[in-house]
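Let the sequences and hints guide you as you build the complete structure.
Chains as they are written, first to last, in numbering that gives the first Met the number 0: chain G, 0 to 314; chain F, 0 to 237.
Accuracy of the hints is not assured; some may be wrong.
What the hints assert, rightly or not - From chain F, some residues computed to sit far from chain G (all C-beta separations above 10 Å): (1) ALA70; (2) ARG141; (3) THR149.
To be verified - Stretch-level coverage of chain F by chain G, calculated; a stretch enters the list once three of its residues show a Cβ under 8 Å from a Cβ in chain G: (4) 6-19; (5) 29-42; (6) 50-60.
Treat the hints as calculated values from the structure; they're not laboratory data.
Bear in mind the structure is a predicted one, so any value in this text is a computation, not a measurement.
Don't be surprised by glycine CBs; every beta carbon is placed ideally from N, CA and C.
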Amino acid sequence: MARLHVIKAGMLTTVQDRGRWGLQSRGVPVAGPMDPCSHRLANALVGNDAGAATLEVTLVGPELEFDDERAVAVAGAEFELAVDGRPAPVGVSFVVAAGSRLRVGHRSRGARAYLAISGGVTVPMVFGSRATHLVSVMGGIEGRALKPGDELPLGVPMRPRRSSRIPLPSPIVLPDGHATIRVLPGPQQEYFSSGALDALQSARYKIATSSDRMGFRLEGPRLTHARGADIISDATPLGVLQVPASGQPILLMADRQTTGGYPTIATAISADIGLAGQLGPGETISFVVCSHQEAMAALIAQERALMAVEASTGS
Amino acid sequence: MPAGDSALIVEFEERIDPAVNARAVALADSIQAAAIAGVRDVVPTYRSVAVYFDPLSTNYDALVASLGRGAARPVPEPAGDRILIHVPVCYGGELGPDLARVADFGHMSEDDVVAIHSGVNYRVFMLGFVPGFAYMGIVDARIAAPRHSTPRVRVPRGSVGIAAAQTGIYPTETPGGWQLIGRTPVKPFDPSRAEPFLLTAGDSVQFYPIDRGEFDRWSSNTEDTKESKDTMNTIEKK
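As structure tokens, then:
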């Protein structure tokens with residue numbers, strides 16, 4: 000079976016697919032890509048199914064050697080890319096020859112890129128998903144980030160390789176150190192003082208360095224509780240803003256636990272999750288409340304853009 | 000109650016109460032059974048049910064209507080035909096380093112703590128924290144010691160702990176702040192087992208004391224098929 004040899008691992012490179020859904024009632028976290036939109040775009044560019052596993056590359060990328068010829072695409076953050084030392088384009092698919100080395104260097108904009116390889120990364124499924132969840136040591140390669148010497152199995156490309164020469168418009172406008180994330184109030188708005196939702200929108204929040212794939216710890220305007228910061232544990236959806244006693248919110252991301260014991264003031268809309276995933280530590284977020292209609296319109300627009308790419312590459 | 004654009008949370012009264020939890024579990028079961036297109040996950044908690052769905056492929060009105068019908072339906076008798084699981088625990092010593100502390104908390108002997116902890120059936124209210132971690136209760140107020148103010152960096156797999164009214168088993172080695180009173184050789188989560196999860200929300204659990212010799216014998220058998228057989232033997236239909 001054809002393999003991908005990991006020469007250098009990069010800062011935090013993990014195998015991700017759409018996530019491990021259906022077992023949150025057993026405490027199994029979903030995991031999956033921090034920027035689901037770019038993950039899907041990368042798969043589409045190489046003709047993979049949307050369910051194929053890609054590599055999520057964070058801030059500094061890996062160096063990989065190919066056993067056989069593959070179509071490859073990197074979507075999401077802008078990274079330096081080189082095949083055997085020659086620059087390669089981001090956001091389009093290109094062919095990497097057998098024995099060649101692909102190097103993903105430093106990012107220039109955005110925080111996470113998705114490296115899709117035709118045929119997909121075919122590490123064993125765990126509960127129906129290949130997504131890596133670092134904390135529960137599940138999925139991917141032994142539940143951890145890649146390290147030098149790893150060998151990743153690749154699937155059989157399902158469709159003839161087709162290089163897209165023209166960069167297609169990305170459904171996400173990459174943030175340059177700052178992003179505005181739209182939120183819907185709730186589900187536990189009544190646990191907060193009346194001014195808390197205004198406070199959330201009043202100034203920028205900085206993403207603390209202790210942030211990770213589980214969540215972004217945010218530093219900014221303090222959100223005050225109306226009746227204490229401890230609740231009886233409740234479910235924790237993707238993109239929810241959980242507020243512990245400090246009044247400093249935590250934006251729950253891909254690797255979040257399935258339940259949590261802090262009140263939640265608002266939830267990022269699905270269409271903006273990918274944008275949030277493109278932010279790194281030290282960068283900033285503004286939150287703005289929007290309507291459910293606006294959330295759905297944004298999601299439908301994003302879906303149309305992704306479907307257009309999938310149609311053009313035959314995936 | 001919408002939670003963003005792709006989740007709904009149905010909230011019941013905010014308290015740790017078997018009757019409230021029974022309603023949540025029954026509603027979660029009815030949503031699972033309805034198999035509504037686009038629904039990705041249904042999660043019962045102590046006092047709510049979260050339904051995760053794909054907003055582009057789910058009939059939202061049908062989902063809300065189904066939730067309404069499910070919530071209005073009478074709840075089956077608490078723990079009606081749920082499963083009772085017997086879990087062996089070696090209490091105290093190095094496997095239960097906080098047993099003495101809990102005894103101090105309750106102004107009683109360590110044996111009394113063991114008798115109280117293993118003397119009742121606990122309800123599995125929900126799972127969360129890590130795969131297979133069950134929040135169980137209600138722990139007798141006399142031994143309901145609060146969490147450690149500083150969590151341990153490493154809690155061994157199988158540790159049985161108390162955190163106020165809750166008791167639980169750590170399914171994997173993780174950081175944790177609960178008072179550790181013993182350890183079980185049974186694995187609440189084992190991905191290699193045909194049924195990886197020992198516990199489901201709504202199940203009943205009774206702990207029973209075993210000595211160190213039994214614990215070691217049982218633990219040394221965990222690599223062969225005997226363990227799963229023994230695990231199955233601990234399960235009975237009520």
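How the hints compare with the structure:
Every CB of chain G is more than 10 Å from the CB of ALA70 (chain F) (nearest about 16 Å), matching its label as outside the interface. For ARG141 (chain F), the condition that its CB be more than 10 Å from all CB atoms of chain G holds, with the nearest at approximately 22 Å. Every CB of chain G lies more than 10 Å from the CB of THR149 (chain F), the least distance being 16 Å, so the non-interface label holds. For the region 6-19 of chain F, the proposed coverage by chain G is satisfied: 6 residues have a C-beta within less than 8 Å of a C-beta in that chain, meeting the threshold of three.
Coverage of the region 29-42 of chain F by chain G holds [criterion: at least 3 residues with CB-CB distance below 8 Å; count 4]. Against chain G, the region 50-60 of chain F contributes 3 residues with a C-beta closer than 8 Å to a partner C-beta. That satisfies the three-residue criterion, and the hint holds.
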